[in-house]
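Asker: Sequence:
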Amino acid sequence: LGSEASGDLRSRRNRERTLRGRRNRREASAAARREAELRWEELSEAERALALQEREEEKAERVQQHLQQELRVARAMAGDPRSLRVCVECAFQDASTMGAREVRSLYKQLELAAASNRRAARPAHLTFTSWGGELAAWGEEKHAARWKAGHLEPRPADELYGGAADLVVLSPDAEEALETVEEGRVYVVCGIVDRTACKGLSLGWARERGLECRRLPLMEKMPGLKASKKLLGVNHVVDILLHVHATGDWGAACTRVFPQRYIIQQQELSASGEPQFSSSGSEAPPEDCGK
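Here the sequence shown is numbered in my numbering, starting from 1 and rising by one per residue.
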């Protein structure tokens with residue numbers, strides 16, 4: 001199949017999988033409601049009163065937890081010095097590898113990154129730099145300005161943050177792995193989505209500006225990935241940084257962005273001694289890659 005036909009087939013399969021998942025969740029939810037109604041009918045008046053009181057207490061607790069989380073997010077986004085600083089550089093939307101489809105895919109990944117940051121145990125100061133062009137036009141239509149856990153910034157990262165000493169660009173093509181995340185530095189995730197795994201864009205961007213460049217320690221924390229392309233979606237990279245900042249556990253952070261079925265498959269192949277990845281890299285889990 002040609003690349004376009006292959007992409008259409010992949011999209012159709014993804015859509016079918018999404019629809020199956022929604023249908024299964026609806027059925028499970030309906031079954032749970034029926035079961036809860038049956039249990040409610042079996043309760044006495046006193047038991048129902050107690051259950052209602054417990055439900056109200058749980059609701060009040062959830063509201064309080066939500067307010068506390070919103071406060072943590074607001075503090076981080078206001079520039080709390082204890083917060084991790086992460087930015088996604090969106091200047092690559094003008095690259096020849098990114099068309100309208102890829103730009104919209106990037107937008108979705110940014111949306112997911114902002115949502116993850118809003119839920120994070122330790123939210124980061126998250127900024128989307130070089131916000132403009134088709135990405136900004138699409139964001140205006142989708143109300144990106146309402147994001148509470150992600151700033152929209154038209155200036156590029158190197159201009160916004162000034163000194164190169166504070167910036168660390170993340171690239172799968174970098175030779176050295178990132179070992180720690182520090183609150184005094186800014187971690188730049190390059191917002192690139194392409195279907196052909198074009199190499200060197202993020203590394204070249206960093207070198208042109210004299211910026212430090214590191215890769216995520218996927219090879220060290222997940223040895224089975226050595227033969228793969230080790231490419232992750234932008235939101236997955238942000239998820240890893242957030243998790244490491246909150247827990248310090250690189251292994252768990254790297255593992256959690258891969259589908260569980262994929263990890264189990266690689267473990268089984270490793271135990272059997274079979275090659276864990278095809279030479280084409282077609283088994284790499286995410287197809288949209290922040291390089």
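Since the hints were made in silico from the structure, they are not lab data. Just so you know, even glycine gets a beta-carbon here, dropped at the ideal spot from N, CA and C. Some clues are possibly wrong.
[As the list claims (entries may be wrong)] Here are the in silico distance ranges between beta carbons for each label pair:
#1 Gln53 - Thr247: 34 to 42 Å
#2 Arg26 - Glu183: 28 to 36 Å
#3 Asp8 - Arg34: 35 to 43 Å
[As the list claims (entries may be wrong)] Calculated cross-link-like contacts (lysine-lysine; reagent style BS3-like; alpha-carbon spacing at most 27 Å):
#4 Lys142 - Lys108
#5 Lys148 - Lys59
#6 Lys148 - Lys108
Asker: Would you mind marking each hint as holding or not holding in the structure?
Answerer: Hint check:
1. Gln53 - Thr247: 34 to 42 Å: holds (36 Å)
2. Arg26 - Glu183: 28 to 36 Å: violated (43 Å)
3. Asp8 - Arg34: 35 to 43 Å: Holds - the Cβ-Cβ distance for aspartate 8 and arginine 34, about 39 Å, lies within 35 to 43 Å.
4. Lys142 - Lys108: holds (10 Å)
5. Lys148 - Lys59: holds (23 Å)
6. Lys148 - Lys108: holds (16 Å)
Figure legend: structure checked against the earlier numbered hints; the only hint not met is number 2.
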